[in-house]
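For the protein sequence lines, the chains are A and B, in the order given.
Read in order, the letters of the first sequence correspond to residues 10 to 428 in the working numbering.
Read in order, the letters of the second sequence correspond to residues 10 to 428 in the working numbering.
Hints may contain errors.
Any copy will do: because identical chains look the same in the list, a pair fits if it lies in one copy or spans two.
In silico lysine to any residue, SDA-like type, Cα no more than 25 Å apart, as pairs [what the hints assert, rightly or not]:
(1) K255 - Q122
(2) K275 - W179
(3) K283 - Y39
(4) K275 - K424
(5) K388 - I143
(6) K57 - R402
(7) K126 - Q101
(8) K126 - L98
(9) K175 - E328
(10) K385 - N41
(11) K14 - E35
(12) K68 - E130
(13) K14 - N41
(14) K126 - L257
(15) K182 - N386
(16) K380 - N41
(17) K290 - W179
(18) K194 - S28
(19) K14 - L334
(20) K423 - P25
(21) K419 - R239
(22) K424 - R361
(23) K424 - G340
(24) K57 - Y15
(25) K399 - E368
(26) K255 - Q101
(27) K214 - K424
(28) K283 - W179
(29) K57 - T289
(30) K194 - N56
Just so you know, the hints here were simulated from the structure itself, not pulled from any lab data.
Small disclaimer: the values here were computed from a predicted structure and weren't measured.
Number of protein chains: 2
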Amino acid sequence: MSAKKYIYLDHAATTPTDSKVVQAMEPYWYQNFGNPSSLYALGQRANKSLELARQDIAKILKSQSEEIIFTGGGTESINLALKGLIHALRPQVPQAHLIVSAIEHHAVLHAAQSLRKEGTEVSIAPVDADGLIIMAQLAAAIKPNTVLISIMLANNEVGTIEPIQKIGVWLAKLNQTRLSKHLPKIYLHTDACQAAGALDLDVQKLHVDLLTLNGSKIYGPKGIGVLYVRRATPLIPIIDGGGKEKNLRSGTENMPAIIGLAAALKIAQKNRLKENARLTKLRDWLIKNILQTIPKTILNGHASYRLPNNVNISILDMEGEALLLYLDDVGIQASTGSACTSATLEPSHVIRALGRPYEAAHGSLRLTLGKSTTLKNLKYLMTKLPGIVKYLRQASPVIVDMVELNQSIKDAPKKIIDL
Amino acid sequence: MSAKKYIYLDHAATTPTDSKVVQAMEPYWYQNFGNPSSLYALGQRANKSLELARQDIAKILKSQSEEIIFTGGGTESINLALKGLIHALRPQVPQAHLIVSAIEHHAVLHAAQSLRKEGTEVSIAPVDADGLIIMAQLAAAIKPNTVLISIMLANNEVGTIEPIQKIGVWLAKLNQTRLSKHLPKIYLHTDACQAAGALDLDVQKLHVDLLTLNGSKIYGPKGIGVLYVRRATPLIPIIDGGGKEKNLRSGTENMPAIIGLAAALKIAQKNRLKENARLTKLRDWLIKNILQTIPKTILNGHASYRLPNNVNISILDMEGEALLLYLDDVGIQASTGSACTSATLEPSHVIRALGRPYEAAHGSLRLTLGKSTTLKNLKYLMTKLPGIVKYLRQASPVIVDMVELNQSIKDAPKKIIDL
Chain A
10 MSAKKYIYLD HAATTPTDSK VVQAMEPYWY QNFGNPSSLY ALGQRANKSL ELARQDIAKI
70 LKSQSEEIIF TGGGTESINL ALKGLIHALR PQVPQAHLIV SAIEHHAVLH AAQSLRKEGT
130 EVSIAPVDAD GLIIMAQLAA AIKPNTVLIS IMLANNEVGT IEPIQKIGVW LAKLNQTRLS
190 KHLPKIYLHT DACQAAGALD LDVQKLHVDL LTLNGSKIYG PKGIGVLYVR RATPLIPIID
250 GGGKEKNLRS GTENMPAIIG LAAALKIAQK NRLKENARLT KLRDWLIKNI LQTIPKTILN
310 GHASYRLPNN VNISILDMEG EALLLYLDDV GIQASTGSAC TSATLEPSHV IRALGRPYEA
370 AHGSLRLTLG KSTTLKNLKY LMTKLPGIVK YLRQASPVIV DMVELNQSIK DAPKKIIDL
Chain B
10 MSAKKYIYLD HAATTPTDSK VVQAMEPYWY QNFGNPSSLY ALGQRANKSL ELARQDIAKI
70 LKSQSEEIIF TGGGTESINL ALKGLIHALR PQVPQAHLIV SAIEHHAVLH AAQSLRKEGT
130 EVSIAPVDAD GLIIMAQLAA AIKPNTVLIS IMLANNEVGT IEPIQKIGVW LAKLNQTRLS
190 KHLPKIYLHT DACQAAGALD LDVQKLHVDL LTLNGSKIYG PKGIGVLYVR RATPLIPIID
250 GGGKEKNLRS GTENMPAIIG LAAALKIAQK NRLKENARLT KLRDWLIKNI LQTIPKTILN
310 GHASYRLPNN VNISILDMEG EALLLYLDDV GIQASTGSAC TSATLEPSHV IRALGRPYEA
370 AHGSLRLTLG KSTTLKNLKY LMTKLPGIVK YLRQASPVIV DMVELNQSIK DAPKKIIDL
């Protein structure tokens, strides 16, 4: 490690593990290392810790503890939710239909594509220019064979918070009509990985049947996830084996990580409101300063239905990747979007779905704040960012016309896409 | 924790994490916590550590580092190997055939069952009374549409080491004939989870195309696995998403666990020969003592083709589960078989596959030694075990006739079972 001071503004990519979480995991490395399936006391003690962690998480989700399934991470939970439900329903609905939003994480989009290859019909529901799901279009996408809608609780790139509760209440009503017409029930899954540190995860209020959570974005361990599965939701495993986790996810339970995830979620949810207030102030200060200081910038994502820690701004006439490297040089760690794709240099599907043209997607900068972020950090960033942008713009071959750009955003088609 | 001294003789269920492994993981919690996909230096440093860990493992397996895929555990690796290969081959072989041995771990057997439900043909190849695959039967099980054979390197319950190298060499030759007849190639997968601490994992010598490893049985972290995938082996993911691990396993890389697994495997393989010699001596001392001291006992598994740490003995006229609880009372932690099923009280499919009748399966005791095991521990065990067995036998409603039992083992049918 160099002695250089770093300012980490990429908390949506991953978070450092909280020292209290590392402490909570410690006894599970050597002391309480038993396999929860073993009959002797060491195994049974592990089993008790496992069930206590499950209860802790269930309490936060306002669910039953039997409805909490531990998996190997958020991506796995999402795959289990989508594939597990559609595969389980095959005997009743051999040709099912799935709807996902256009700004879902690649885990959802690629799982949907994989289901498409197997014959499942898939529709991508559009979002508006702020990233909010368009309710009328979502309703229009529904077919007689629709069995699942997957929409994230909050977006990882632009921070927009989706109206899951509204969708859940509407679906519950719609399902009553569908059942009376002998149409299959439509289940609702939400990917809450980005939202877990900031939002209320009450599955009763949200009216969701399936909810995905993980540790790596909430100062918890990596390689551990949760899938909340509402009772009576049909599901079959994607990982078969010894029959752990109610036969929905086999493999020796990852006790240290399970304990760590429960600890991280408890800490995050306990401090949520206070930390949200602090981060929202910092976020709004930063958004206002960038938009005012740097010309030809547009905010991506909704101004208020937005994660407290997310700033995502398209800086036109410039390449986002070059900006990241110059920022890194002055000790600032940021992203152009999802870390999952930043290495590929493909323009973000999320920014594109908001109706931004390629030029805007290429110049998007995501700054995601966290526990360690201070106003001083952001002030330091603002001493560097405008100069770097100015420098990079000198080399840019593209000059975007802002009037044309705004018109093109306004005119961008917002259509359902059938895969 | 009570102050009571425990003797852990269930290392096949799970192992405590080595303190050097925990130390190796430490920098990855807060300091080097970056997402390997991030472009800035912190991310790239994580990416470099990731690739070094991959190289370390490749070196032990004598493979290329691109052939090492990190997963969420052994069970996931097995599911990826079986389902991933058969799904990838669907365009060429829509109705494929899979052969697995009768003593595979539930991860293999249940993944095979799940493939069966999708239309894949599955044959279960028998083993002999010592648990060794019967080569003639394996050959007889092959069909024109066979594409995969999955046989473990060493069994988790009875410790028998399978002749994977022999099978691999034979298959390579067979594949030449098959290819000349335009029949599909037969790939070979081996589950090396139990073998990883004791056996040579050289994939070139073994002639395998796919090999599964994990951390939880070699004093490494839980929730992390490896799938070795020989170049040009067709495979599609079971977990879709951001496209990590050569697009074969998505999800943010579990850096601490990956580093921990590489460290654990290096330690295990470095000390392998010396530790094997020590454990083999202890193992044989214990087997001899139990068989000589306690009447009506039979060794399960092969006497010499056997993991150095595995003792598995059927103690007749007695319930294995009761024995475990009495042993636990005197501080000895043991198992009746796989921890994955010990909670279900079903008789072990492995012991049954050796031709042992139910009565023998119910009374099987598995003692698996480890780094901490000493002759003193085993001598202590032998001061307790005979008395407990004697006590439990007094209450037994069943009295097995040894002559009949041995005849029934000899006569047990050894047939291919088509699922």
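Do the hints match the structure? See the list:
1. For the identical chains of this complex, K255 and Q122 are inter-copy neighbours only, at 17 Å across copies versus 27 Å inside a copy, given an alpha-carbon limit of 25 Å.
2. For the homomeric pair K275 and W179, neither the shortest alpha-carbon distance inside one copy (30 Å) nor that between copies (55 Å) is at most 25 Å.
3. With identical chains, the CA atoms of K283 and Y39 are at most 25 Å apart between copies only, with a shortest distance of 23 Å across copies and 36 Å within one.
4. In the homo-oligomer, the alpha carbons of K275 and K424 never lie at most 25 Å apart, since the shortest distance is 40 Å inside one protomer and 54 Å across protomers.
5. Taking the shortest alpha-carbon separations for K388 and I143, neither the intra-copy value of 36 Å nor the inter-copy value of 72 Å comes in at or below 25 Å.
6. In this homomeric assembly, K57 and R402 never come within 25 Å of each other (Cα to Cα): the closest approach is 59 Å inside a single copy and 31 Å across copies.
7. Taking CA atoms no more than 25 Å apart as the test, K126 paired with Q101 passes in both settings, with 19 Å inside one copy and 15 Å between copies.
8. Taking the shortest Cα distances, K126 and L98 sit within 25 Å of each other both inside one copy (17 Å) and across copies (14 Å).
9. Neither within a single protomer nor between protomers do K175 and E328 lie at most 25 Å apart by alpha-carbon distance, with minima of 38 Å and 56 Å respectively.
10. When the C-alpha separation of K385 and N41 is checked against a cutoff of 25 Å, the pair qualifies only between copies, where the shortest distance is 23 Å, while the shortest distance within a copy is 43 Å.
11. Taking the shortest alpha-carbon separations for K14 and E35, only the inter-copy value of 20 Å comes in at or below 25 Å, while the best intra-copy value is 29 Å.
12. Taking the shortest alpha-carbon separations for K68 and E130, neither the intra-copy value of 36 Å nor the inter-copy value of 44 Å comes in at or below 25 Å.
13. When the C-alpha separation of K14 and N41 is checked against a cutoff of 25 Å, the pair qualifies only between copies, where the shortest distance is 14 Å, while the shortest distance within a copy is 38 Å.
14. Taking the shortest alpha-carbon separations for K126 and L257, both the intra-copy value of 23 Å and the inter-copy value of 16 Å come in at or below 25 Å.
15. For the identical chains of this complex, K182 and N386 are neighbours neither inside a copy (47 Å) nor across copies (65 Å), given an alpha-carbon limit of 25 Å.
16. In the homo-oligomer, the alpha carbons of K380 and N41 lie at most 25 Å apart only across protomers (17 Å), although the nearest pairing inside one protomer, at 30 Å, exceeds that limit.
17. Taking CA atoms no more than 25 Å apart as the test, K290 paired with W179 passes in neither setting, with 33 Å inside one copy and 68 Å between copies.
18. For a Cα distance limit of 25 Å, the shortest separation of K194 from S28 qualifies neither inside one copy, at 44 Å, nor across copies, at 51 Å.
19. Taking the shortest Cα distances, K14 and L334 sit within 25 Å of each other inside one copy (16 Å), while across copies they are farther apart (56 Å).
20. Proximity of K423 and P25 under a CA criterion of 25 Å is satisfied in neither setting, with 38 Å inside one chain copy and 54 Å between copies.
21. In this assembly of identical chains, the alpha carbons of K419 and R239 never lie at most 25 Å apart, being 39 Å within a copy and 50 Å across copies at closest.
22. For the identical chains of this complex, K424 and R361 are intra-copy neighbours only, at 13 Å inside a copy versus 59 Å across copies, given an alpha-carbon limit of 25 Å.
23. With identical chains, the CA atoms of K424 and G340 are never at most 25 Å apart, being 41 Å at best within one copy and 66 Å at best between copies.
24. Taking the shortest alpha-carbon separations for K57 and Y15, only the inter-copy value of 19 Å comes in at or below 25 Å, while the best intra-copy value is 41 Å.
25. Within a single copy, K399 and E368 get their C-alpha atoms as close as 17 Å, which meets the 25 Å cut-off; across copies the closest is 81 Å, which misses it.
26. Taking identical chains as interchangeable, the C-alpha atoms of K255 and Q101 lie at most 25 Å apart only when both belong to the same chain, with a minimum of 22 Å there against 35 Å between chains.
27. In this assembly of identical chains, the alpha carbons of K214 and K424 never lie at most 25 Å apart, being 29 Å within a copy and 56 Å across copies at closest.
28. In this homomeric assembly, K283 and W179 never come within 25 Å of each other (Cα to Cα): the closest approach is 31 Å inside a single copy and 66 Å across copies.
29. For the identical chains of this complex, K57 and T289 are neighbours neither inside a copy (39 Å) nor across copies (35 Å), given an alpha-carbon limit of 25 Å.
30. With identical chains, the CA atoms of K194 and N56 are never at most 25 Å apart, being 35 Å at best within one copy and 44 Å at best between copies.
The structure fails hints 2, 4, 5, 6, 9, 12, 15, 17, 18, 20, 21, 23, 27, 28, 29, 30 (numbered hints given earlier, in ascending order).
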